[in-house]
Amino acid sequence: MSVAELLALDLDGLPLAVDLGNLTDLNFLIGIAGVLAGVYAIFALGLQLNVGFTGIVNFGQAGFMAVGAYSMGLLVVKAGFSFWLAMPVAILIAIAFGLLVGLPSLRLRADYFAIATIAAAEIVRLFANNARELTGGNQGLSCAEDDPTLCYDNTWLDIEDAGLDFAEGLGWSDPVSLFPLFVAVWVTVIVLTAILYYVQRSPWGRVLRAVREDEDAARALGKNAFAYKLQSLAISAALAAIAGFFLALNVNNISPREFEPLFTFFGYGVLVLGGLANYWGVALGSIIFFFLIEGTRNIDLGFTDEQQAALRFMVVGLVLILLMAFRPQGIFGKREEMVLGE
Amino acid sequence: MEARTLQETQGLPIRERLRETAPARLAANHPQRTAFAVIGLVLVVLIVVYGLHDVAQTGLNGLSLGSVYALGAVGLTLVYGILKLVNFAHGEFLTFGAYTAFVVNVSLGLPLLLGVLAAMVTTALLGLAFERLMWGPMRARRAGLLQLLLMSIGLAFLVRYGIQFFAGTEIRQLGVDRTATASFLGLRLGQAELITIIVGFVVLSAIGLMLKFTLLGKRMRALADDIDLAETAGIDTSRVVLYTWILAGASAGLAGVLLGSVTDVRPELGFGILLAIFAAVILGGIGDAFGALIGGLVLGVVIEWSTLFIDFRYKLAVGFIVLIVVLIVRPQGILGKARTV
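Residue numbers (my numbering), protein chains in the order written: chain A, 1201 to 1542; chain B, 22 to 362.
Since the hints were derived computationally from the structure, they do not count as laboratory data.
Quick look at which bits of chain B chain A covers, simulated, 3 or more residues with Cβ under 8 Å:
1) 165-171
2) 183-196
If the Cβ cut is set under 8 Å, some of the chain A residues that face chain B in the computed set are:
3) V1251
4) A1320
5) L1326
6) F1465
7) I1521
Just so you know, these numbers come straight off a predicted model, no measurement behind them. Virtual Cβ for every residue (Gly too), placed ideally from N, Cα, C.
Same shape as in the complex, but just chain A (with noise of 0.2 Å):
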C-alpha cells in the first residue's frame, strides 16, 4: 500500500487545501483534523485502559476496530439491519472477538500477548482484504451489491443533512460538511471519557490498577487477576468498535487498508502523547498527535508529496523513540504509575 494511498482517505469529499494559512481554515480543523483526533481519541481510549490501567500491553487495537467497522456495515448491507441496532451488535461481536483473543492469549507474558494480538489483528485484516465476496476485498464496503442504494451509511447521511441545515438555519450560511460528524465524534469521546474517568475511580478500577502494580498480590486478596484483565481487553474492543464506527462514517467506505497495524501504533502515539494512566490526557494527546500528522502536510519544504509523506511518518516514529527514552509516562502522564515491564 502506499502512503500516498492511505494519506487520500481521510480526504475524500474535502478540497485539499495546501497550504500554511489554511491550518486555521473550517475545514481542515474540523474535517480533517478534528474528526480523526476524535475517531482516534475513543480508539486510544481503550489502549489507555489496557496499558495505562492494566498493564497489559495490546497491539491488536486496530483489528479491534475492524471487527467493529466491518460488522456494523455487514450487517446493515447484508443483513438488512437498521443502522442502530447494527451499532450495538457490533459492539457485542467486538467484544467478543476480545473475549476470543484474550482467552488464550492473556495468560501468556506480556511480550507474547503483545505479538499474539498483533497476530490476531493481522488474521482480520487479511481475512477482510480477501473475502472478496464478504467484505468486498481491497476495493472496500460501502453499499450492497444487489441494491446500489443500501449503504451502510444512509441513516447517518440523513441526520448529516439534517444537521447542516440546523447550523444553515442558525445563520451558518456554508457549514463545513463533516460538522455533524465532528459534534458526534467529540461528544461520544467526552461522554466516554467521562464514564471510563468515573469507573476507574470505583472498587473496579482499583482492582484494575491492584493488577497492574502487583498481579500476585492482587490474586492474594482473592481478586482473579484474569478475569479483570480479560474484562479490560474486551471493554477497549468495545471502544475500538465505536472508534471503527465513525471512521467508516468518515470515509463512506470500510477498507482494510484503515486497519494496518501502523493504526495501532498510531493510538500508541496518542497515547503516550497525552500520557500513560490519565484518561483525559488521551484526547489532548490525540489533538496534538493529528495537528501534527495533518498540519505539516500543508508545511512546503520542497519534497514530493511522496518524500513529504514518508517524513512525517519519520517523525512520528522519532517522536516515539524520543518519548520513551526521555519522558516514557508521556506529557501529562504520572512516572509512578509507569510500573510496566520494570
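Once you've looked at the hints, dock chain B against the given chain A.
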C-alpha cells in the same frame, strides 16, 4: 523479565487440562518427537489426498520461503534471547539490506554477490549504530518492556520511511534472472529459490555450530542465561553484545537480499514478514539459532502446504494462526525447555 512473572504466565490451566489425556502426556514429555510425529502424520495424509508430486512441490516452495524466515529469525532470536529486546525494527533490517543490495547491484551495476556483502556489512553497522545510540543506554537505565517495545516500533517507522523518503514507494527488482528454473524428479524450482534454500541451510548451520562450539558462542549463551551473572563471571558482556548485533544485522541483511531476489524490493518488504519471523522465533524457542532454522522451515512448509486445501490468499493468515497456536500450546517452542521461557 523477572522469573516470578514468567512462571505464572505460562498458561498452567490449559496445560493441566491437556495433561489429563495420555497422548497429551506423551506430547508434554517428548515435544520434539511429538512435533515431528504430527508433521509426519500430516504429510502422510496430504500425500494420500493430494498426491506425492503436489505435496513435494509445495513442500519445496515452503523450504525456500522457510529459509528466508529462518535467516530473518536467527538475528531476532539472538537479540531477543541475549538482550531481552523484542525488536519490532528487525524487519526493517531486512528492508535495509535489500535496498543496499539494490543500490550496489542495480544502481552501480556491480555483481549481486558484492551487493550481498555490502548488505551484510551495512546492516551490521546499522545494528551497531542503534545499539550505541539507543539500546545500550536504555539497557543501562533498566528501561521497561513497554518503553523498549515502543522504541523499537518508532525505530521501525524511522528506518522504513527513511528508506521510502530516499527511494520512494516504487517496487524494484534485483538483477536476478527470475525465469531460470531448476528441474529435478519432475519438480520445478526457481534458481533464486534454490540458492535461497542452500544459503539458508549453510549460513544457519554455521551460526548454530558457532554458538555451540566456539568460545564466543558459549559466551553468548551465558549472556542469554543471565547477563549479570555472565558479567560477574568475567565475560566482557559489552563486547559480546556488539558481536550479537553484528550477527543479527548481517544475517538480516542477507535475508533481506534473498527475500528481495525471490520477490521484489519495496519499503514494506521486511515489515511484511516480521510476524512470520516472530512465529519462527517462538516456534524454535527464543534464543536458539538451530531452533530458528527449524522453526522457519516448519513454518514455511506448513504455510505452503496449506495452499493445497486453503485459498492461497490466506496463506499468511495460516502463519499467524500457527503463531497463536504455538504461543498457547507450547510458548517455549518445539526445542525450547520450559526454563528458558
